[in-house]
Amino acid sequence: MTSARVLIVDDDPALLQALPETLRLRAGGLAVDTCDSASAALNRIATTDYDAIISDIKMPGMDGLKLLAEVRALRPDTPTLLITGHGEHSLAVQALRGGAYDFIQKPIDREYFVASLNRAIQTRQLSRRVKELDRLAFLGQLAGGISHELRNPLGVIKNSVYYLRMVLPAEDKVGRHLDILEREVDRATRIVTDLLDFARTAPPARATADLSALVRDCLERLPLADSITVTLKLAEDLPKLLIDHDQLGSVLSNLITNAAQAMPEGGALTIETAGGDSVWVAVADTGVGIAPEHLEKIFQPLFTTKAKGIGLGLAVAKMLVEANGGVVTVESAPGRGSRFEVRFPVAQATS
Amino acid sequence: MTVRSVLVVDDDSGMAETLADILSVFGYAVTTASSAVAAVRVVTQTRPDLVLMDVRMPGLSGVEALKRMRALAPQLAVIMMTAFARDDLAEEARRAAALAVLPKPLDMERLLALLTQVARSEGPTGDARHERDRRRPDAVPFE
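Note that the protein sequences, when read in sequence, are chains A and B.
For the first sequence, the tail end lands on 351 under our numbering, and the numbers increase by one without skipping.
For the second sequence, the tail end lands on 143 under our numbering, and the numbers increase by one without skipping.
The following block holds chain B by itself, in its conformation from the complex (with noise of 0.2 Å):
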């Protein structure tokens, strides 16, 4: 399976933000929630590939999520952020299988090169890889 949708989940709508317009610079389909139970739904409704989600959320917490989303699609691979440097919530998200849990501010190029480890990891299709590639503007300074 190569990512090729990508559920960005965060509260604060900013961040949500301008994380899914990277993304889509990459060639990502993203859509976004603003809180737990609204990522849970969009999983349940449309399955994205992957979920980049907030640990912390008011509400549902994005660990809670997590367990959620595992049990209505348990390969959904889902990468998790957090702005606290220890958090409880962060290690029950590792126990809960998340592929990662990624400090704030995000390190963008690891994220991407997280992206495409799990498209790769997963086995690449030569179809999904070429689409992605062909919307990747070729201004981009990476790779």
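Looking at chain A on its own, in the form it has when it is part of the complex (with noise of 0.2 Å):
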């Protein structure tokens, strides 16, 4: 729960110091904002999707149960603790009839505070990765659908392309505008295929691979611009992975074709890989690299900030990195570049 966030709502300044230290020594790494009157927590809650949220009942103004109300319509997935006064029963009973996930009697035993906070957030950011899944499984039925139906009439439309190639003359414009739908259709059938890549839930054809082989393969099957400089920093005798070499192929290609074209100017493209503790690949460019705002969303599937595309090489990539046993970071800084690493940890390589 490194990266879960939480709000906490009173108005006695010296609980709004106590609970937060609190959480520091008992629950480090969680990111923790407070407000000292319910409509100034709104207005947080607002912006910010918060993990779960902990208000005392009793504050000058809107109530702890009035917050919750609202936090029920705005977040309903949102986890909210309330704070009671000791003995206070109908308050407690109140707040669970009102969709508390849990409530904490003064004087605070934090032991227990900090305990149902974690179940909450824990609680929390299931549901989140399971309302995510269902996403991505209703994306992928839909990118399946629609690309089985393309490739037909994308079939028929090389079909006929490829039999007036045969029977009319190849003369200047005619062979021209032939090349050209050719071209374009197989640019068509590629983003389908992409669709289907990403529909499709093959369990990884695991074989042994030494990723700086898998690179080298990778590099030269993709045509890069004479404006780039590749640097390759490959290790020889990486232990052996166990993973699917056409999975990670794709990767590979979809991770070096994003660098180049990060650099339409041209520029350095290094890749690097090494082995310790895991073995790991790493692509980087000097590219006009990603927004931070755009860096936690750049692996979510539709997302794309290029002119062209739509979205899916990123997720494709995560996805299979991910059934492949790794986990796939990235690193950038605007206007200087990016770096995407992919890690497979050691138990999963062979000697």
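FYI, nobody ran anything at the bench for these hints, they're computed from the structure.
None of the hints are false.
Cβ pair distances, simulated, as ranges:
hint: 1; chain 1: A; residue 1: A69; chain 2: B; residue 2: G14; range: 55 to 61 Å
hint: 2; chain 1: B; residue 1: Q75; chain 2: A; residue 2: K297; range: 56 to 62 Å
hint: 3; chain 1: A; residue 1: E171; chain 2: B; residue 2: G27; range: 21 to 27 Å
hint: 4; chain 1: B; residue 1: R47; chain 2: A; residue 2: R135; range: 50 to 56 Å
hint: 5; chain 1: A; residue 1: F303; chain 2: B; residue 2: G14; range: 31 to 37 Å
hint: 6; chain 1: A; residue 1: L96; chain 2: B; residue 2: G59; range: 55 to 61 Å
hint: 7; chain 1: B; residue 1: G14; chain 2: A; residue 2: V346; range: 49 to 55 Å
hint: 8; chain 1: B; residue 1: D107; chain 2: A; residue 2: K131; range: 39 to 45 Å
hint: 9; chain 1: A; residue 1: L181; chain 2: B; residue 2: T46; range: 31 to 37 Å
hint: 10; chain 1: B; residue 1: Q75; chain 2: A; residue 2: D277; range: 56 to 62 Å
hint: 11; chain 1: A; residue 1: I180; chain 2: B; residue 2: G27; range: 28 to 34 Å
hint: 12; chain 1: B; residue 1: T46; chain 2: A; residue 2: I191; range: 38 to 44 Å
Idealized CB from N, CA, C, for every residue including glycine.
Dock the two chains into a complex; use the hints.
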């Protein structure tokens, strides 16, 4: 729960200081925001998707129960913990009936508070993950359906072009237009294939692989502009990995193609492999970089900053890496370049 | 046996027509059918040398038709086509001894090579080879 963010709402400055301190000590890595009124809290909640909210019930102006009702309407998936006075059982019951995740009695039992909050955050993160998976499954079905439907008409156009090329004299203009048709049909087919890759949930066909060799194979197949200088820092004798060659090849092509596209005026592409506690490959460019606000979205399906493209490349790459037991991460500085790293645990490496 | 006559089966008329026209240019005698039922009927009546058939069609599937054709003509060469990357029916077609299951859009070079291979593996007869070559236009940039 390192990435969790919670909001504490209380008009009592003492508690507003003590509770974050408790969380800092007992639930490290948690980001904690505080508000001294329910109305201020609502503004925060409107813009931030908290993993949990902790609020006192008794506050001047809008009280904790009203805040709870607002949160339920605004962010129905966000668990809310309400703090009640000692022995205020009827308020506690009201809180639970109003949809509170739990109630914390004063004086606050720190251990109970932290345990309850941890449970709330875990529940929240789990439901978020389930929603994401649902969304992915839906997108996958949609993508699969569309791409299957498109393959037939594309196939027919391709056949027609083939036929025309055979029977028409290959004079200048006609030949060129047939080339254009063919190229565009191939392009559309590639997009459809990307969609299918995304829709496909094929389990990886794992075989032993050398990451450095995979990089070399991949570069051989990818035409890069002359304006791009390629530097390879490939480690020899890396521990062999048990991964799907095609899937990893597709991930590498995607990362390398993206890197090249990030440097339309040319630049330096550096591909590095290394092994230690884990085996990793990094693809770095000196291109346009990624804005900080886009950084966490780039692996989401259908997110794209490119003028052309449907935003599936990195989503597919992430899915394939994870299906093979790896992790993909990114660092980027706008205007300076990006570095994508794919890392596999050494447990997955054989000897 | 050399492949001379091909039955193209696809419920997509554009697909059937373009394939028929291309194969005709290469000298094959092509008939088309737009459904699996019609295809089985054609096989019963005319026994083409080879059937090129879509896996998924409304009504009777291509795989079902393949099985019926096998019963009628055990030696019949059948190539299946599928627009689906992973297709249970395509798997079934492989098990039912389809010569090949080709993905759509079709790689025409591969299809043409397959047609020639069928001929070779079955032992080409000089006449048929000759006739096909004669009817093939000179401008074709293959082989």
